[in-house]
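Kindly generate the complete structure, drawing on both the sequences and the hints.
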Amino acid sequence: MARREDDGSETSLAGTAPEFGDHRLNPDLVAEMAKSDSREAAVLVPVVDRGEEATVILTTRTRSLRKHSGQVAFPGGAVDDTDASAEEAAMREAFEEIALRSSHVEPIGRLPRYLTTTGFRITPVVAIVTPGFELHPNPAEVEDIFEVPLGFLMDAANHRQESRTFDGLVRHYYTMPFGERFIWGVTAGILRTLYERYYA
1 MARREDDGSE
11 TSLAGTAPEF
21 GDHRLNPDLV
31 AEMAKSDSRE
41 AAVLVPVVDR
51 GEEATVILTT
61 RTRSLRKHSG
71 QVAFPGGAVD
81 DTDASAEEAA
91 MREAFEEIAL
101 RSSHVEPIGR
111 LPRYLTTTGF
121 RITPVVAIVT
131 PGFELHPNPA
141 EVEDIFEVPL
151 GFLMDAANHR
161 QESRTFDGLV
171 RHYYTMPFGE
181 RFIWGVTAGI
191 LRTLYERYYA
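Start counting the sequence shown at 1; every next residue gets the next number (UniProt numbering).
If you're looking for bench data, these hints aren't it; they were derived computationally from the structure.
There could be a bad hint or two in this list.
[Unchecked claim] Pair ranges (Cβ atoms, derived):
1. Asp80 <-> Pro137: 19 to 27 Å
2. Ser64 <-> Glu40: 24 to 32 Å
3. Thr165 <-> Gly51: 37 to 45 Å
4. Glu196 <-> Glu52: 18 to 26 Å
5. Asn138 <-> Thr118: 20 to 28 Å
All residues carry an ideal CB built from backbone N, CA and C; glycine is no exception.
What follows is the structure in structure tokens.
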């Protein structure tokens with residue numbers, strides 16, 4: 001199965017696996033992921049400029065959601081047909097989920113797309129957020145909003161590889177426990193991508 005990239009080239013999951021995604025710790029997933037069409041999604045990686053101690057805004061998903069309830073996540077979701085770009089989709093979702101206004105957000109780049117076993121092809125949009133914003137969780141999607149020091153998230157000593165059994169198969173993933181918060185799965189994987197690209 002081939003997929004067309006933004007530059008017009010194609011990559012094949014059946015041949016060369018994408019660089020980042022759930023398959024990195026679970027190579028046996030490559031064939032499975034190649035069988036299904038991935039839906040485009042975008043998340044905002046909001047880095048708050050707080051001087052010497054930058055932070056990252058994260059959310060806890062509402063526990064009544066059908067999928068990924070109670071998990072720590074970036075603001076984001078599926079890219080709609082009306083979205084002109086991944087940046088627009090990520091910023092739209094951030095406003096819908098936590099009321100983060102675009103006037104405080106300056107996208108500065110994208111991380112490589114991150115493929116998930118749930119069928120999403122996520123474009124992480126890294127953005128600088130200017131303080132002075134007011135955040136309000138949309139209770140239909142977000143239970144809580146919090147910030148984590150960027151220095152903590154980019155310290156490899158805080159990156160753990162753990163595993164658990166899903167549908168009879170052992171799956172490996174990153175975790176980054178932060179106090180009472182348990183950052184894991186795709187969110188931790190994207191943060192690990194940021195670390196490997198710019199901090200390793």
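Hints versus structure:
1. Asp80 <-> Pro137: 19 to 27 Å: Given range 19 to 27 Å: holds, Cβ gap about 21 Å.
2. Ser64 <-> Glu40: 24 to 32 Å: With Cβ atoms ~26 Å apart, the hint holds.
3. Thr165 <-> Gly51: 37 to 45 Å: 44 Å, holds
4. Glu196 <-> Glu52: 18 to 26 Å: Because 24 Å falls inside the window, the suggested range holds.
5. Asn138 <-> Thr118: 20 to 28 Å: For Thr118 against Asn138, whose Cβ atoms are near 21 Å apart, the range 20 to 28 Å holds.
The structure meets every hint from the earlier list without exception.
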